[in-house]
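Protein chains in written order, with numbering that gives the first Met the number 0: chain A, 0 to 121; chain B, 0 to 836.
What the hints contain is simulated information worked out from the structure, not anything from laboratory work.
Using N, Cα and C, we set each Cβ at its ideal position, and we do this for glycine too.
Wrong hints could be hidden among the right ones.
Stated by the list, open to error - Now the in silico label distances, taken between C-beta atoms and shown as ranges:
#: 1; chain 1: B; residue 1: P711; chain 2: A; residue 2: D13; range: 27 to 35 angstroms
#: 2; chain 1: B; residue 1: P711; chain 2: A; residue 2: L39; range: 46 to 54 angstroms
#: 3; chain 1: A; residue 1: P8; chain 2: B; residue 2: K464; range: 53 to 61 angstroms
#: 4; chain 1: A; residue 1: P8; chain 2: B; residue 2: D797; range: 35 to 43 angstroms
#: 5; chain 1: B; residue 1: A131; chain 2: A; residue 2: L88; range: 52 to 60 angstroms
#: 6; chain 1: A; residue 1: A41; chain 2: B; residue 2: K586; range: 43 to 51 angstroms
#: 7; chain 1: B; residue 1: D69; chain 2: A; residue 2: P36; range: 55 to 63 angstroms
Unchecked claim - Just so you have them, the derived chain A footprint on chain B, three or more residues with Cβ under 8 angstroms:
#: 8; stretch: 507-518
#: 9; stretch: 540-548
#: 10; stretch: 800-814
So you can see what is in the structure, the chains are spelled out below.
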Amino acid sequence: MKAPTNWVPVCTVDDLVADSGIAVWTEDGPVSVFYLPNRLPALFAVSHTDPFSGSNVLARGITGDINGEPVVASPIYKQHFSLRTGRCLEDEGVQIKVYPALLDGNRIRLEVPVVQAAPVAA
Amino acid sequence: MEHQTLIVIGNGMVGHHFLEQFCQSPASEHYQLVVFGEEKQLAYDRVHLSEYFGGSTHADLAMATAEWYDAQGIELHLNEPVTSIDRENQIVTTPKGHYLYHQLVLATGSYPFVPPIAGNDQDGCFVYRTLADLDAIRASAAQARSGVVVGGGLLGLEAANALKSLGLQAHVVEFAPRLMPVQLDDQGGGLLRQKIEDLGVQVHTEKATTEISPGAEARLRMNFADDSHLDTDLIVFSAGIRPQDTLARACGLEVGERGGIVVNNQCTTSDPAIHAIGECALWNHRIFGLVAPGYTMARTLVAALNQDQDAAFTGADMSTKLKLLGVDVGSIGDAHAQIPGARNIRFHDEQSGHYRRMVLSQDGKKLLGAILVGDNGPYDTLLQYVLNGIELPDNPESLILPESEGGAPALGADALPDTASICSCHNVTKGDICCAIDAGCTDVGSVKTETRASTGCGGCSALLKKVVDSELEKRGVEVCTDLCEHFPYTRQELFHLVKVNGIRTFQNLISQYGKGQGCDICKPTVGSILASCWNEHVLATDHVPLQDTNDTFMANMQKNGTYSIVPRIPGGEITPDKLIVLGEVAKQYNLYTKITGGQRVDLFGATLSELPEIWEKLIAAGFETGHAYGKSLRTVKSCVGSTWCRYGVQDSVGMAIMLENRYKGLRAPHKVKMAVSGCTRECAEAQSKDFGVIATDKGWNLYVCGNGGMRPRHADLFATDLSDDELIRTIDRVVMFYVRTADRLQRTSVWLENLEGGLDYLKQVVLDDSLGIGEELEQHMAELVSTYRCEWKAAVEDPEKRKRFREFVNAPAQKDPVQQWTFERGQRRPVLEVVAS
Ligand code: SRM
Ligand SMILES: Cc1cc2nc3c(=O)[nH]c(=O)nc-3n(C[C@H](O)[C@H](O)[C@H](O)COP(=O)(O)OP(=O)(O)OC[C@H]3O[C@@H](n4cnc5c(N)ncnc54)[C@H](O)[C@@H]3O)c2cc1C
Ligand code: SF4
Ligand code: FES
């Protein structure tokens with residue numbers, strides 16, 4: 000069975016920066032949200048943590064594509080991570096978390112695993 | 000025809016190479032192959048044996064797999080030594096049985112010579128030849144603190160390195176007066192000794208060991224003929240090798256006086272059904288203790304068994320190139336000048352620790368041999384001169400003199416004949432490489448697979464690349480200079496396109512001249528070109544995604560994701576009030592402060608969201624950004640100059656401040672540094688900068704294209720006794736010409752070195768205006784200077800731009816959880832383990 004998840008709103012369209020990333024805080028930790036207006040889909044969300052340095056910086060990397068694969072380059076040691084699969088292009092064995100993202104009206108929602116007990120419905 | 004049996008005794012490097020070659024030859028149809036190996040393991044790369052201590056396993060070193068032997072139909076008997084040969088009945092015997100042969104190949108290699116010293120067989124005494132030897136040494140080293148290698152030759156030094164890598168205090172004891180007596184002369188051996196001792200290995204020469212007894216301070220004691228002694232926990236004998244000819248002797252084959260199975264040019268012994276190859280074979284009274292000649296013997300024998308009438312072994316080159324304990328050592332041809340009439344050229348730089356000796360023929364036209372210690376740079380070139388008998392240039396000494404002293408360029412791959420041997424391990428000539436390229440290979444990798452060049456000892460890899468590149472170029476195959484997969488242009492070409500077509504955005508450029516979305520190579524490059532051309536704010540919406548994080552956030556990212564702040568302090572001059580502000584701000588935000596190498600103050604540890612607040616305070620106090628993050632002018636360093644210094648002839652501080660304010664913010668292919676010294680004593684180190692200015696009593700001398708950093712280069716004197724105006728005009732032109740024509744991330748030093756025509760050409764363009772663009776360059780610079788704004792001031796005043804500095808856009812109060820701190824010497828610094836794989 001799939002672990003329970005929530006589609007949580009994390010920011011609005013105004014917060015996005017075209018062809019670049021921003022960082023948001025979720026129950027699952029820091030996540031970077033990228034907006035690549037020339038692609039379909041245009042929204043990507045992956046972990047904000049660079050696995051090579053342990054620092055929370057990936058939203059501040061340069062985006063682009065390598066052989067057609069949308070990527071972000073870590074600003075610290077420059078490895079590329081696929082925005083679709085989270086896989087590191089330079090090191091097969093390394094992968095970062097990927098979060099499904101969608102546009103809901105003006106808001107961006109991410110699918111994030113529910114941590115411990117589900118929040119009490121208000 | 001009925002199958003005959005071919006037995007190979009010995010599954011070492013050469014025996015394996017023989018099987019590999021034989022299986023590919025027509026004769027393999029007629030033979031059943033059987034191989035006996037004394038060692039437990041399948042043939043492995045003994046040349047790289049020491050890597051076993053570095054973590055390599057047998058599988059890493061193995062020359063093939065059991066599956067390969069299976070697939071070839073070879074019957075493999077490991078851990079089964081042959082104990083005797085019955086030549087009359089053509090039978091070999093092992094502890095497990097008797098086997099009939101029609102042809103027999105001895106590839107039994109050699110064994111380490113252990114000098115007949117009393118006590119040489121106790122616990123703690125080892126040799127260095129097989130994986131089993133290394134296992135035993137490793138086990139013993141676990142309880143040891145020190146180790147001695149007996150023998151200061153090639154292998155001995157390698158063994159000493161191995162002991163060192165096992166954490167032991169390593170000693171080398173050599174009987175001769177110098178190290179590597181076979182390959183080196185006294186001077187070379189002396190230098191090598193000095194370098195090795197600097198690495199902490201103790202060298203004892205002219206020591207004859209008389210006895211090994213139990214030690215007092217360690218397990219063993221070595222007693223020497225001169226009554227001295229040395230205590231040690233283990234001893235590795237590496238006093239030379241002896242051909243493994245026991246079987247051959249016992250069955251009455253002809254052997255040499257000092258050992259070795261005598262073979263003819265076809266590698267056949269005194270018995271026509273028995274052959275010998277590799278280190279066990281004695282050819283023309285010589286044993287070859289290297290792998291390449293063994294491989295050649297193996298190939299010769301394969302050819303002979305295939306009825307090739309021309310098959311003949313004709314000797315081999317014993318030149319060696321090695322890194323011993325990290326020290327380059329090379330020995331080529333007649334290194335000891337034993338050929339009558341030979342003459343020497345020696346170069347010995349005690350400062351850098353380089354020794355080079357060339358041995359020339361009597362008429363000085365040919366190179367016969369050479370010795371190198373400290374730097375094997377010239378090795379490939381010298382070897383080619385020796386092996387191919389190429390005539391030396393008129394000034395042969397230039398081959399070994401350091402390049403800056405007018406040295407001759409390395410022998411171009413072009414100059415080599417087709418017969419030149421490029422890879423001696425696999426006997427690959429330049430002609431073979433050309434064939435491979437004609438057959439479709441288009442890079443070094445495929446040439447390697449096709450010809451096997453450079454897959455043996457690896458010593459030829461640099462030369463192989465040169466040959467491949469030059470041959471590809473000859474065939475008109477372009478070595479790709481595209482910026483990246485998105486733009487089929489160089490930086491210079493893109494600069495031109497942007498400028499000529501008035502392109503102002505990345506999107507515009509890539510849709511017209513590129514493809515895809517861009518990447519972290521082309522985006523910052525184009526960002527820098529756009530800034531050089533139009534000087535728009537780096538945080539203008541269109542430019543934000545182009546920049547490296549350092550440029551986007553106008554601060555250098557540190558290892559934990561925080562940033563550093565470097566306000567401009569032109570010329571290094573700062574008022575006490577401003578210093579106080581720096582202190583106060585640093586204190587308030589708990590920033591680590593350090594005086595940089597560029598005469599200013601760096602404040603480390605600001606989080607993303609703190610950056611605009613901190614800059615707001617600094618700007619209010621009169622500071623500006625220092626562009627420590629940009630590919631742009633960094634600092635103009637200055638000495639105190641004529642205002643205070645009793646020797647100063649001009650106001651260097653004033654000039655430095657003027658230059659810094661003029662060029663600040665200018666975007667360039669790489670960073671640009673300048674300095675101004677007030678007199679010839681040069682306290683500002685101007686000659687190590689991209690632009691260095693030194694005061695004279697008549698004005699200023701300008702030096703250009705210096706570099707510190709990874710590859711230091713002294714700046715070249717460009718113009719003398721310039722007035723203030725002339726100085727600025729000249730710098731304007733050089734800077735702009737650099738911005739327009741340099742490659743991405745190319746400092747001025749490398750740019751000049753690659754500029755066709757070099758310094759003279761640059762002088763013509765700038766001083767004589769040979770291209771007629773002088774005024775245009777000045778004009779362009781004037782525009783940039785007049786549009787300068789402090790980027791940080793623009794950013795803190797614009798709420799939209801400030802939004803970019805939110806760490807987590809949905810949680811302003813959330814702190815970055817990885818940023819943990821500790822205190823050291825009264826200041827805060829990050830704690831961060833690198834988790835990388
Ligand atoms: C802070 C400082 C060290 C210090 O504590 O003193 C420093 C720090 C860095 N240097 Fe430097 N360099 C500093 C003076 C120098 C100097 C000395 C000088 O300028 O007189 C040199 C040699 C001179 C030269 O450049 O020719 C120097 C040669 C380099 C190089 C090698 C450049 C080269 O051409 O080989 C790099 C790497 C690069 O640029 O690619 C580098 C890169 C760096 C980076 C940007 C590395 C990085 O990507 O993180 C460091 C940024 C630290 C930061 O966050 O600010 N740094 N660096 C110095 C800042 C000076 C300033 O006030 O701006
Ligand atoms: C540490 C080290 C570093 C080296 N570095 C270099 C280098 O940088 N460059 C270079 O060119 N060379 C180097 N060499 C030398 C190189 O390894 C040898 O030249 C090469 O291995 C010779 O191959 P071979 O097949 O003749 O002998 P080996 O590789 O020694 O193989 C002989 C095999 O025969 C087996 N054998 C012997 N007698 C019998 C028997 N009766 N029955 C069955 N099997 C038997 C042995 O056990 C052994 O496995 C180095 C050697 C060592 C030990
Ligand atoms: S020398 Fe290396 S470690 Fe030191 S500041 Fe420069 S780049 Fe950083
Ligand atoms: S010379 Fe040894 S691999 Fe080429």
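Going down the list of hints, with the structure as the test:
1. B/P711 to A/D13: 27 to 35 angstroms: Given range 27 to 35 angstroms: violated, Cβ gap about 49 angstroms.
2. B/P711 to A/L39: 46 to 54 angstroms: 50 angstroms, holds
3. A/P8 to B/K464: 53 to 61 angstroms: 55 angstroms, holds
4. A/P8 to B/D797: 35 to 43 angstroms: 27 angstroms, violated
5. B/A131 to A/L88: 52 to 60 angstroms: 42 angstroms, violated
6. A/A41 to B/K586: 43 to 51 angstroms: Roughly 45 angstroms apart at Cβ, these two residues keep to the hinted range, so it holds.
7. B/D69 to A/P36: 55 to 63 angstroms: 58 angstroms, holds
8. 507-518: holds (count 4)
9. 540-548: Since three or more residues must qualify, the claim that chain A covers the stretch 540-548 of chain B holds, with 7 doing so at under 8 angstroms.
10. 800-814: With 9 residues in contact (Cβ-Cβ under 8 angstroms with chain A), the coverage given for the stretch 800-814 of chain B holds.
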